[in-house]
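K.L.:
Next come the chains, spelled out residue by residue.
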Amino acid sequence: MAADHHHPADLAPIEARVAAIESVLVEKGILDTDAVDAIVTHLEENLGPMNGAQVVARAWTDPAFKEHLLDDATAAIDSLGFGGPQGEHMVVVENTPEVHNIVVCTLCSCYPWPTLGLPPKWYKEPAYRARAVREPRKLLAEMGTLVSDDVEIRVWDSSSEARYLVLPMRPDGTDEMSIGELAAMVTRDSMIGVQRL
Amino acid sequence: MTLPDDDSLPRDNGNLVFDAPWHARALGIAVALVDKLGLPWDAFRQRLMDEIAADPQRPYYDSWGKALESMVLDLDLATPAALDAATPTERAPL
Amino acid sequence: MVVDGVHDLGGIAGFGAVDHDTDESAFAEHWERRVFRLQIGSAPLRANLPAFRHSIERMDPAHYLSSPYFEHWLTGAATRAVETGVTTLEELEHRAGGRFPLSQPDRGSLPDDLTSRSEPRYSMGDDVRVREWHPHGHTRAPRYVQGRRGTIVRVHGVADVDDIRAHGGGSVTDPFYAVRFTSRELWGEAGGPGEVVHVDLFERYLEDADGR
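Protein chains in written order, with our numbering: chain A, 2 to 198; chain B, 10 to 103; chain C, 1365 to 1576.
No wet-lab data here; the hints were simulated from the structure. Fair warning: this is a prediction, and the values are worked out from it, not measured in the lab. Just so you know, even glycine gets a beta-carbon here, dropped at the ideal spot from N, CA and C. Be aware that one or more of the hints could be misleading.
Claimed, not checked - Here are some of the chain B residues that sit facing chain A, going by a computed Cβ distance under 7 Å:
(1) V40
(2) D44
(3) R54
(4) M58
(5) I61
(6) Y69
Can you make the complete structure from the sequences, with help from the hints?
P.N.:
So this is what it looks like as structure tokens:
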């Protein structure tokens, strides 16, 4: 940066800063907003926890699929058409009466986009990222999920290429439900691991 | 737990969204096509699932390409000869 | 001298409750969506994800902690646009009509070992120790596990080492693993019983548990 540049005193509003860099990129032909708008809309509308919910409901009702999912989650999830960016290396971790799993990215915000969509705000902010690895049982209780002391808590910090999805336990009394009804019960928070169903 | 088979696991080589520029293009084409035709995204996804089931060992984005191709052909948008003759462009639209 | 970035948040105290809202769209405000769009839509910016992440890690610590998430993306993207010659700080501030804070300069460098590897050295059940080296540049070994002992529980496969890619070293691969640490190992007496933390770590971050 030029040493003699005189910096303005006042911080430019965020919208003005966004417009500044965006206009530069558009003018230089680097960013074609029309083309990318369709992609962003696709990511917002077609990716989301409803996808992960289908994976979960299928695992609950199809033992062979569940075995495949736990052995090679990427291939199993791909076979349902839910692969894609940030889903190239999937790992599914199963909740049991003895084990409760919770997923975080302490370093940034890594998250399995194709199965859960774009991450919620709280997942990306310092409080969750700092505390999930330090005091998960207490944090879960604060978030409304009481995990008793005899249940092991496994935290998964997504620090590399793998993206984690929690397979929640199937709630009691759901034996007669269709796969669609089961999928409708599965929440984003249960697949991150901060909620039980 | 198992070491992934090289052929079945597209590695993320650092691109934010896609492993290779042509994956981005495949997504772009699929989205534009589905959008322009007014199809629900599930229509494409069903074809994708069918292609994967037909050859589970094929790399995931290769199945994407096949699903796109089948959609384009079935909807009479191109002929097989025209697709064969199409030269790939170097510049990805994104 | 601070060698670990402000972004490396595992275990840091003082942040209070998680603001847990179950009903959220991906973007709270329109400018956030525009930032997302310009980053993923610009080939020179999205081409190197580790470099992008590191551009955010280089933000002024106070700016990082006091700004919303997508302002991190804005700052990182703008920083890289300036650093790669797409634009200048003067141009950005002129267009924005005010100050446009960017990230601090990159102080990272390439490590000595640039050999690609694909055959895993470790197996499930092996005890390992994470090296302690606290680099100036980008790494995916969080501060809270450096120097700690853990057990290999998954042999994930092979991936490009982010520390190398972020600083212009291109694609250099290494096996990577899920390593399990007990809470007591990480936090001492403050650790929670029945709590374990898994971190995905490259082979070159690790050494045998007895230090070899």
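K.L.:
If a hint holds in the structure, say so; if it doesn't, say that too.
P.N.:
Here is how each hint holds up against the structure:
{"no.": "1", "hint": "V40", "verdict": "holds, 5 Å"}
{"no.": "2", "hint": "D44", "verdict": "holds, 6 Å"}
{"no.": "3", "hint": "R54", "verdict": "holds, 4 Å"}
{"no.": "4", "hint": "M58", "verdict": "holds, 5 Å"}
{"no.": "5", "hint": "I61", "verdict": "holds, 5 Å"}
{"no.": "6", "hint": "Y69", "verdict": "holds, 5 Å"}
In summary, the structure agrees with every hint in the numbered list given earlier.
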